[in-house]
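J.: Sequence:
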Amino acid sequence: MATTLTEEQTPPIDAMEVVYQRPEALTDVPTHYCPGCGHGIAHRMVGEVIDELGIRTQTIGVAPVGCAVFAYNYFNMDFIEAAHGRAPATATGIKRVFPDRIVFTYQGDGDLAAIGTAEIVHAAMRGEKITVVFINNAIYGMTGGQMAPTTLPGMKTTSSPSGRDVEATGQPARMSELLATLPGAAYIVRRSLHNVREIRKARKAILTAFKVQQAGLGLSMVELLSSCPTNWGMTPSDAMKWVEENMVPVYPLGDYKVVDAVRDL
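Reading the sequence shown from the start, the letters are residues 2 to 266 in the working numbering.
No lab work stands behind these hints, which were simulated from the structure alone. Among the hints, erroneous ones may be present.
Stated by the list, open to error - The calculated DSSO-like cross-link candidates involving lysine-lysine, where the alpha carbons are at most 27 angstroms apart (straight line), are:
hint: 1; residue 1: K205; residue 2: K157
hint: 2; residue 1: K202; residue 2: K242
hint: 3; residue 1: K242; residue 2: K157
hint: 4; residue 1: K212; residue 2: K202
What the hints assert, rightly or not - Per label pair, the in silico range of CB-to-CB distance:
hint: 5; residue 1: R201; residue 2: R97; range: 18 to 26 angstroms
hint: 6; residue 1: E168; residue 2: A262; range: 41 to 49 angstroms
hint: 7; residue 1: G164; residue 2: V98; range: 42 to 50 angstroms
hint: 8; residue 1: G234; residue 2: R127; range: 37 to 45 angstroms
hint: 9; residue 1: N196; residue 2: E18; range: 19 to 27 angstroms
Ideal Cβ placement from N, Cα and C applies to all residues, glycine included.
Based on the provided sequences and hints, a complete structural model is requested.
T.: Following this line, the structure appears as structure tokens:
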């Protein structure tokens, strides 16, 4: 039988310990993301890290074209919208004009790994001192669930209804492995958002990525495996399991490039 506290037993609100609150770096507005989508988790972690480092008023974000196209509505800081795939180029221009600012891009796989492949590759080649948060959900989320460069072999999408045929369309693009080979990349890691343990690791990686930029070491990128329940046709809980059971084997979690100076941060 459930019990309820009487008015005398209920502690006053001002006596309660605050254990969870919205980061100052996020605005107090509802987001447009689908239930179970990882973007909300990623936004919160970026906001918490920016607050922890005390850099909100110094930070400029670059929004992509894709599910996170309205990211500028959700972050409480200066933001700019980039053309599709061009966020690294836009961030490069901002950072070179304002080298004392912290500049980051927030991009999905359709934005970064498809139309924006050349942009991120050359930004890493040049060693641009920017931070990239890369959300990989293996599908085009905003435009209807089409096959993306990151779509898994055999995975069904609206444009690959029989499953991705690697003989016709190639293997999935493993962006962390690719960028780790480039000389200007300083910190390239892959994490996931499918359970609490991995989310905590992801937050730590995002914190390190921003510290890498503060230290001027080169380009930093954190790839985050995320779910897309709507386009995958799954419940949020099943989508999280699908990330663990299907995406992680194709996209192994770990550190792909960490220059020696990063270990001293």
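J.: Hint by hint, say whether it matches the structure.
T.: Hints versus structure:
1. This hinted pair does not check out: K205 and K157 have alpha carbons roughly 33 angstroms apart, beyond 27 angstroms.
2. Distance hint between K202 and K242 is fulfilled; the C-alpha atoms sit about 18 angstroms from each other, no more than 27 angstroms.
3. A C-alpha spacing of about 17 angstroms is found between K242 and K157, which places the hinted pair at or below 27 angstroms, so the restraint holds.
4. At most 27 angstroms may separate the alpha-carbon atoms for a hinted pair to count; K212 and K202 meet this at roughly 15 angstroms.
5. Against the hinted window of 18 to 26 angstroms, the Cβ-Cβ separation of R201 and R97 comes to about 34 angstroms, which falls outside the hint.
6. At roughly 43 angstroms, the beta-carbon separation of E168 and A262 lies within the given 41 to 49 angstroms, and the hint holds.
7. Between G164 and V98 the CB atoms are about 46 angstroms apart, so this pair conforms to the stated range of 42 to 50 angstroms.
8. Separation of G234 from R127 is about 40 angstroms and conforms to the stated range, judged on CB atoms against 37 to 45 angstroms.
9. For N196 paired with E18, a C-beta distance near 26 angstroms keeps the hint of 19 to 27 angstroms intact.
Going through the hint list in order, the structure does not satisfy hints 1, 5.
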